[in-house]
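There are 4 protein chains.
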Amino acid sequence: MNFASDNTAGISPEIFAAIAAASTGTAMPYGGDPLTARVEARCAEIFEHAVAVFPVATGTAANALALASLMPPWGVVYCHESAHILGDECGAPEFFGGGTRITGIAGADGKLAAAALADALGQRGTHGVHHMQAAAVSITQASEAGRVYTAAEIAAIAAVARGNGLALHMDGSRFANALVALDCAPADITWRAGVDVLCLGATKNGAACAEAVIFFDPAKAADFVFRRKRGGHLLSKMRFISAQLDAYLADDLWLRNARHANRMAARLAAGLTALPGVRLRYPVEANEVFVDLPERVSDGLLAAGFEFYPRGEAGDRFVRLVTAFSTLEAEVDEFIAAAGALAAGRTAR
Amino acid sequence: MNFASDNTAGISPEIFAAIAAASTGTAMPYGGDPLTARVEARCAEIFEHAVAVFPVATGTAANALALASLMPPWGVVYCHESAHILGDECGAPEFFGGGTRITGIAGADGKLAAAALADALGQRGTHGVHHMQAAAVSITQASEAGRVYTAAEIAAIAAVARGNGLALHMDGSRFANALVALDCAPADITWRAGVDVLCLGATKNGAACAEAVIFFDPAKAADFVFRRKRGGHLLSKMRFISAQLDAYLADDLWLRNARHANRMAARLAAGLTALPGVRLRYPVEANEVFVDLPERVSDGLLAAGFEFYPRGEAGDRFVRLVTAFSTLEAEVDEFIAAAGALAAGRTAR
Amino acid sequence: MNFASDNTAGISPEIFAAIAAASTGTAMPYGGDPLTARVEARCAEIFEHAVAVFPVATGTAANALALASLMPPWGVVYCHESAHILGDECGAPEFFGGGTRITGIAGADGKLAAAALADALGQRGTHGVHHMQAAAVSITQASEAGRVYTAAEIAAIAAVARGNGLALHMDGSRFANALVALDCAPADITWRAGVDVLCLGATKNGAACAEAVIFFDPAKAADFVFRRKRGGHLLSKMRFISAQLDAYLADDLWLRNARHANRMAARLAAGLTALPGVRLRYPVEANEVFVDLPERVSDGLLAAGFEFYPRGEAGDRFVRLVTAFSTLEAEVDEFIAAAGALAAGRTAR
Amino acid sequence: MNFASDNTAGISPEIFAAIAAASTGTAMPYGGDPLTARVEARCAEIFEHAVAVFPVATGTAANALALASLMPPWGVVYCHESAHILGDECGAPEFFGGGTRITGIAGADGKLAAAALADALGQRGTHGVHHMQAAAVSITQASEAGRVYTAAEIAAIAAVARGNGLALHMDGSRFANALVALDCAPADITWRAGVDVLCLGATKNGAACAEAVIFFDPAKAADFVFRRKRGGHLLSKMRFISAQLDAYLADDLWLRNARHANRMAARLAAGLTALPGVRLRYPVEANEVFVDLPERVSDGLLAAGFEFYPRGEAGDRFVRLVTAFSTLEAEVDEFIAAAGALAAGRTAR
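Residue numbers (our numbering), protein chains in the order written: chain A, 1 to 349; chain B, 1 to 349; chain C, 1 to 349; chain D, 1 to 349.
I should point out that these hints are in silico values taken from the structure, not numbers from a laboratory.
Computed from a predicted model, the values in this text were never measured in an experiment.
Heads up, the beta-carbon is just placed ideally off N, CA and C, and yes, glycines get one too.
Take the hints with a grain of salt, since some may be wrong.
[To be verified] If you want a taste of the chain A side facing chain B, the calculated C-beta under 8 Å gives, among others: (1) 16; (2) 17; (3) 92; (4) 224; (5) 235; (6) 273; (7) 277; (8) 294.
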C-alpha cells in the first residue's frame, strides 16, 4: 500500500482506454495528429481563452521549457523556497534557460506571499548590469505543502509581478486537486488572476506520462516548438501523450480523479489526527497529508510494509502521505487502523 | 495508408499488453520499479555484456544525452552528413552538450566510411586550443538511406575512432531492422565492434515512446542520471517506458517486428522496381525504400491519399517509403497496384 | 576625489613601465611569450608550490572560468550571501558552468563560517538525482565587508569542504590587501589552508586589467585552456596582461601597493570615527571602510563632489569607501576634514 | 623578425600614449568614463550613423557576443568555411549562443559568395522544427585569405540575407586593412551595404587589446550589456580599452597604420614573386601574403630565425606572411633578400 506519492499510481482506466483506442492505425507524427489538435481545443474551452498548448511527457520538462520561454539567460525566477523547480529538478530550469537563476523565498504553507515577493524584489537594489535581472515568478498549485492558492492570492502575486515587469508561471502538477478544492473555474485561478503560463499536470492524477504547457497568450509561444524539439521533448508518436490529455480533460475526468484523491486525503487526515500524538503540519486541502507521527507509529508502519517518505527529522516522525485517483477507501482505513494499533501499543496488523 | 514513416504506426500488441499489465497497482517512481531493473537485465543478456541502461521517451533525447556524456562542451562529433543528430534534432546535441559541434562527412548510402573519417580527422591540423576538439564519432544503424553497417565496417570506424581517442556512439533508432538484416548477434555490431554507447530505438519498431541508452562500460555512465533528470527525461512513472522496452526485448518481439517491416520493404521495392520508370536509389536492406517515381505516379499516389514524404526534388519524384511492424502485405500490394496503374496511364484506384 | 572603488584608480607606475617595456618589438601570441612563462614561475616561487597560472583580463572571467572547471553543470557552489560571484557578476558562473547554481549563506562580516557551511550542507538531504549536487565552496579574500579570513578560518572551511567532497575556490580580487593585513605567507592562506584554486586580483591593486587564475594542482587545470579560449578570454597579445602581472609580483609591488591602500583605509576610518554620529559597520582590516554617516554628512560630501557609493538605506547613510594604491594621504585628510566640517554644521569645503 | 601574425606586434605609439594619459587619476568604472563615451561618438561620426558601441578586449569575445545577440540558441550562422568563428575560436560562438551552429560554405579567396550563400540556404528544405533555423550570416573583412569584400559584394550578400530574414555580421578584425584597400567610406562597406553588426578590430592594427562591437541599429543592442557582463567581458577599468580605441580612431591612425601594413605586404609580395619557384596563392589586397615557397626557401628562412606559420602542406611550402603597422621596410627587404639567397642556393644570411 503506497502513500509515497501520487506518481506511484497507475493509469486511470479512461486514460488507458484512450491509449488503447489510439494504439492501432496510423497518425501523422510530432503532433500532426487529430488528438493533439483536440487537446488544444479542449483547453481553450475549459479555460475560456485562446491558448497555445504543448503536450510533454514530464513535469520537469514542462516547467523548464515554460520558464525558459519567459526569461532571458540572465533572468531570475522567484518562487517559494520549497518549489519543485528549485529543489527537485536537478537544475533543469537553469539548464534549459541557459544559466538562469532561481531565488527561493520563505513563506508559510509552501506558499509564496505577495508581500514577501514584493519585499524580495524591493531588496534587489539598482545594480544594473552587474545583477541578474528579475524576469519571472513561479507558484505551485497546489503548493508543496498541499495548500492551495486562492484566486485572490494569485491575483495579488500577479499584481506584484506585473508591477515589476515579470511573467507569472504556475507549476500545476496538482492543479486539478487545487481546482476542485477551490471549486472555481479554471480561468479564475489562471489567466483571469494573471497567470501567463500554466504547466498542467496529468501524470500525478491518472495519466502515465502527460503534462501540458498552456500559454494564455499564444503569441508568446512562438519559440516554444524549437525549445521543445531541441530539448528532446517532441514525441514522434505524440498521439499517445495527447490521447492521455484528451481523455483526462474529457467528461470531467480530471476533476473526478482529483476529487477522489482529495477525499481520500481528507479521510486519511481525519483518521490520523484522531490518534494520540498525531499532529497535522498543514490543513489538508488537496491530496497530500503532512503529519507528525509518533516514532513508534511511523517506524511500525514502514516495518509493516506501508510505503511513504519520512521527511528525515529526528524524534517524532514528520511524514508526507499522498493519495491518488486510485487510492481505495479501504486502503486509507487500513492505514489508519494500523496507525491506531501502533499508537495504542499494539502491532500494525 | 501511411508509408511516411515508421513513427506513424501504433503500438505493437505485445507492448500494449505490457502497458496494460503495468497500468494497475503501484510502483516506486523514477525507475525504482522492477520493470526498469528487468530491462537492464535483458539488455545485459541480449548483448552478452555488462551494461548500464537508461530508458527515455524519445530518440532525440537518447542521442543528445548519450553524446553529451561522451564529450566536453568544446568537443566535436563526426558523423555522416545525413545523420539525424545533424539534420533532424534542432540542435539537441549542441544544446545538451553545452555548445558542442557536429561535423558531417559525405559518404555513399548514408554511411560514414572509415577512410573518410580518417581523412576528416587528418585534416584537423594541430591548431591546439583554437580548435574545438574531436571527441566522438556517431553512426546510424540502419543509416538514413536504409543501408546497414556490417560488423567489419563498424570495427573499421571504431579503429579510426580509437586511434584518435574518440568515443563511438551508435544511433540505433532502427537498430533492430539492421540487426535482422545482418543476421548476427547484437554484440557483433555493438561493443564487439567497438561501440561505446548504443541508443536502442523501440518507438519506430512498435513501442509508443521508448528508447534505451545503453552504455557498454557502465563506469562511464556515472553522470548520466544527472543529465537525464536535468534534461526533464526522467519519467516519474518510468515503469510505463520500461514496460514497453521489457516487452520489446522479450520473446524476440523486436526481431520479429523488424523482420516483418524489412520484408514489407523488400516486397514494396520488388513491386515498384518492376514498374517502368521506377529506380531504386539504394539497395533495400532494412525497412526503408528510397525510390525515384515518375512524376505522374508520385503525384497520383499522393492525390489518391497514400501518405509518404516526397524529397522535394524536381522532375521525377524522389520519395522515401517506410514500412513498420504493422504494415500489411495487402497495403503494400495495394500501393504497388496503384503505382502500377498510374505508371500505365490509368488512375490510382 | 574618488573613494567609490579601487577600480576607479589608474595604473601603478611600475606596472605601467612594464607595459611600456613590452610595447615594442614582437612576441608570440596567445601566451607563447616569455612574460607569461615568467608570471607562472613567479607564482610558483611566491606560493612555494607547483602551480598552473592563467592570466585573464577581468575578475569575473577569472571566477567564472575557475568555478566552471571545478564543477559539473549540475553542481552547486556555496558562498557567503554577499559574494561577488552571487550578486555582481550577472550570472557569469552559471553561464560558464552550463547552468550551475550558487547558494548564498548568511554570516557576519561578509564571511562564510565553517559551521554555517556545514549546517547548509547538512540540510541538503539525500534526494539523489533530483537535487543539484554540492560541488564547490567559494570564499572571498578580503570579504565583501572588508574583513579577512585567517588561515585557521580557511582551514576550517576547507575541512568541511573536503569532508563533503567539495573543491575550495578563493575569489582573491583583494587578496594582496588581505595578505598584508594578515602578515603571513601567501601559501598560508591558500594551498596550505586547503584552497584549490585562487583567482588572484591585480586590477584593483594597480593593474589596468590583469587577474591570474592559479591552480595549486596543475593536473586539474587540463581543461582550463579550452574554457578560457572558448570564453573569449585568451588574449592574442597576452604579453600585455602578463607584463602587468609580472611587474605586480616583482619586488613586492603587490604588497607595497596593498599596504598603502590598507593604511589609507585605516587612516580614513580613524578620522571618520572620531566624528560625532559616525559608526563603523565592520572593523577595517583591508582597504574598505563601511561606515554610517549622518545624512547631512553623506549628502554634503556627495554634493561637494566626493565620489563614493551610498548603500541605499534610509535615514543615516551607510556608505562604502575604498582606498587604492594611488590614494593620497592628502585626499584622505581632505575627505575627513570635509566630513568633519559637515558634521559640525559647516559646509564641506 | 616576425611575420607570423599581426598579433605579434606591439602597441602603436599613439595608442600607447593614450594609455599613458589615462593611467593616472581616477575614472568611474565599467564604461562610465568619458573615454568610452567618446569612442561611441567617434564611431557615430566615422560611420555616419547612429551606433551603439561596446568595447571588449578580444576579437573572439566581440564575435561571439555579437553573434549571440543576433540569433536564438537554435540559430545557424552561415559563413565561409575558413572563417575565424568556425575554425579558430574553440566554439566560442556556440558557447555564447547557447548551442548555436556554424555552417561553413566553400568559396574562392576565403570569401563567401552571395550565390553560394543563396544556394546553401535554398538547400535547407522545409523541415520546420526539426531543423536548426538559419539566423545570421557572417563575413570576414578582410577575408582569411587576405582578400577584401567590395561594397557591391557585401550588398549582394546582404540582399540574400535579408531575403531570408537573416542578420548580417561582419568580423572586422582586419577591417581597417580592407577599408584602405578599398579606399571608400566606412559606411559604404558596413551599414550602407547592409551590415547589421561590425566587430571592429584594433588589436591586430596597433592596439594592445581592444575591439569594438558596433550595432548600426542601437535598438537591437539592448541585451548586449548583459551578455557582455555575464561573459566576463565588461572590464572594470574600461577606460584602458576605450583609450586604445579612442586613439585608434583619432587622426586617422587606424587608416595610417593599415595603409602601412598593406604597403609592407605589397612590397613583400612583389619581392617574393620575383623569385624563381615562388607563387602567390591570392592577390595581395590587405596585409597578408599567402605564398608557396620552395621547400629549401621555406625551411631555410625558418632555420634562419624568421618567424611565420607554415600551413603544413607537403612538398613546396605554403606559408602565410602577415605584416603589421610596425613592420619595417628594412625587415621586409631583409626577408626578401634571405629568400632570394636561399632560392639561389646560398644561405639565408
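- Item | Ascending list of hint numbers which this structure does not respect | 2, 4, 6, 7, 8
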